[in-house]
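A.B. asks: What follows is the residue order along each chain.
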Amino acid sequence: MPGEPPFNVDQPASRSLEPGREFAVEVSALSKTFASGVFGSNRKRVLEDVTFRVVRGQALGVIGPNGAGKTTLVKLLLTVVRPSSGKIRIFGENPENPRVRRRIGYLPERLALPASATPMQHLTSLARIRRLADGPFDAERQLARVTMTADAHRRMGPFSKGMKQRVGLAAALLGAPDLLVLDEPTDGLDPIGRAEFRDIVYEEKRRGATVILNSHLLAEAAKICDEVAVLFGGTVAAQGNIRELCTSKTRFRARFTANSPEPAILNAGFVRADDPGTFIFNTEELETLNAALDRSRAAGALLMELGPELRDLEDVLREAVGR
Amino acid sequence: MIVTFILAAEVLREALRRRWILALGVAITLFLVLTFGALRLEVVDGALSATRLFGRNVDVNIRSIDIALRPVFKASAYLIFYGGITFGTITCAEFAPKLLSPGRIEHLLSQPVRRSEIIVGTFLGVWALASGAMLYAAVGFAVILSAKTGVSITGPVVAALLSSLAWAAIYSVMLATSAWVRSTALSATVGLGVLIGGVIAGHRSALLQLFAPGLGRAFFSFVSLLLPKISALAEVTGKLAGSEPVPVASVLVLIAGFLVFSLAGLLVAVVCFERKDF
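Going down the list, the sequences are from chains A and B.
Under the working numbering, read the first sequence as residues 1 to 323, first letter to last.
Under the working numbering, read the second sequence as residues 324 to 601, first letter to last.
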């Protein structure tokens, strides 16, 4: 719907932002070059000079086209891939330290679960590796959260992609991590599963967890995240609060009463929008906008509503990548 | 350090959940039962002589049982030794590549464990699995021979212990290979290559005499020096099983060589794994 906010305004509020507040994730000047071929002769730079920070308790969405370096970025945070240069700090520490990774829950993009194990066995095994005191109890609880209790004791080999994804999410939630890194988490989930997933992430945010969501589903990122970082060509092309990013600074939407003279409004520089009585004005200057409004009102038009045009994330992404 | 053992236990647990591993356990048990039924060893006058093996006379003279049945004990020791290594090399080749598979390794690396702990834990878990299977078969074989002859026979067990030592050396190279290139086929091929190379290296001194002085001899001398002397260890196993004297000092050096080789292989695996992106 035109004019409708593209993000979920009812989503649970994350912790309030305070100046100088601690960051869960700090990435500065991060670059990664992969070497392949004989003696590493083929070099491909995947990330270049990436810098961003995530405030504790906030959710950051990493969006971008295929091959932008989203998954590499996530893997760098988890030390699955080592940086070529730059610095990563998670809760103020180097993620190479296992103590830091104990506070992270991760759902990888390509999840491979041991086919011969049951979800319960898999989760209790992870709980042992994470050295969680209440491992089996927590495993049971997390499986219940992802509605996998009924299948908790079945071998995972024949599970559907959606079921495996649920088990992966339960595994990521083990031990109430302070940082959740979710790489394409709803891949393979049906619409109900997606809604349930969102509810779980909201719960985690309410608990105070920081979330990094890597998703190609922009609507999902918009609903869950407080901020987004648009990755393109290995660099951060745009980053900021979703509401701010989606709020156009050069495009304004005005709604006039039904009996307002349309020719006068058009003459003032407005262009017709999709909704009846609604017009768009493109300018970077507020003075120009006000002058156009004055001209319209002088001709008898009555203004009902005025505000910046709200775009969806797709527009933000397209603008950032220049397509 | 504790995490290493937790990981090893998890590798072992996962292995034991696999149906084919359980089937293998059943197969070993069946083999032992069949052997127990088929083997006819008739011992006359306590432990003094053995007369018949599989129903046929093996010796008519009265001799002590360890001498009379020396070929049997040696054969069983070689069977356990080489059988165990081959079993381990073929059946366990897929463990590390599977663990390093996409989607699995990312998740494991994101856990609060060091990369070195993953490698050492995997090594210990797989080694424990293979050694357990070897010991199970060996103890079963020893029990059968002991029950049939009436004397306590430990040869197969010693063979299994030395076999697990030799296999540790082979598996360390297989693990290093997997850390470098994730391939079950390559891992198994390298394992079998080290086994064959190790058998040849065990006869290094004798074989060196066949080479004319030159580059070929120098190359063989160098390569066979690096490889674990598997056939030499097998010979020790056979001698111990057949109650033949063995030079303790050279056996200890041989065992130390295997330990050093295993640790070196493990170190290479850790270094490869540490430098790798997934």
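Keep in mind that the hints are not guaranteed to be accurate.
What the hints assert, rightly or not - When the alpha-carbon atoms are kept at most 27 Å apart in a straight line, the in silico DSSO-like pairs for lysine-lysine are as follows:
1. B/K421 to B/K562
2. B/K471 to B/K599
3. B/K421 to A/K164
4. A/K44 to A/K87
5. B/K471 to A/K44
6. A/K161 to B/K471
7. B/K562 to A/K87
Everything labelled a hint here was simulated from the structure, so no lab data went into it.
A.B. asks: Hint by hint, note whether the structure agrees.
C.D. replies: The hints, checked one at a time:
Only pairs whose Cα atoms come within 27 Å are accepted, and B/K421 paired with B/K562 is rejected, the gap being roughly 38 Å. Note on B/K471 and B/K599: the hinted pairing is violated, with a Cα-Cα distance of about 54 Å set against a maximum of 27 Å. With a C-alpha separation of about 17 Å, the suggested pairing of B/K421 with A/K164 holds against the 27 Å cut-off. Proposed proximity of A/K44 and A/K87 is supported: the alpha carbons are some 20 Å apart, at most 27 Å.
The suggested pairing of B/K471 with A/K44 is violated, with an alpha-carbon distance near 68 Å, which exceeds 27 Å. Taken as a hint, the A/K161 and B/K471 pair is broken in the structure, with Cα atoms around 55 Å apart against an allowance of 27 Å. Of the supplied pair hints, the one linking B/K562 and A/K87 is violated, its CA atoms being roughly 60 Å apart against a limit of 27 Å.
Violation of the numbered hints given earlier is confined to hints 1, 2, 5, 6 and 7; the remaining hints are satisfied by the structure.
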